[in-house]
Amino acid sequence: MAARPPPQGGDEPDTLEFGIAALAEDLSKADVSYPVTEEELVRRLNDVAVPYNAAGGTVRLSEALESVPQSRFASKAELLDQLHPVFEEYRRSSSNNILGQLRAMLPF
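11 is the number of the first residue of the sequence shown in the numbering used here; add one for each residue after it.
Mimicking DMTMM-like on lysine to aspartate or glutamate, the simulated pairs with C-alpha atoms at most 20 angstroms apart in a straight line are:
1. Lys-86 <-> Glu-49
2. Lys-86 <-> Glu-76
3. Lys-86 <-> Glu-35
4. Lys-86 <-> Asp-36
5. Lys-39 <-> Glu-27
6. Lys-86 <-> Asp-57
7. Lys-39 <-> Glu-88
8. Lys-39 <-> Glu-49
9. Lys-86 <-> Glu-27
For the record, the hints were derived by calculation from the structure and aren't laboratory data.
Construct the complete structure from the given sequences, taking the supplied hints into account.
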């Protein structure tokens, strides 16, 4: 997922990526070959903190992978498919608390 931040006078608006879009960006920059294990992913990506909502909430890759039923991934697509519901649950959980609801109402 991605959300547009408020305009800051530039020609092209940037996007704020979160969830699998943010992780896909990190994976593209890392030297990851498939099939890959959970441990290898965490090591290759330095246990990156992945943003899961536009308000800036993050979860460590290792923590997100704990919720996935498998520890080996044959492809990038398989990895992202397995993690998508995990990031969605974090996003839903964060919007259910009062602080999350307040952040969702703010224009940034």
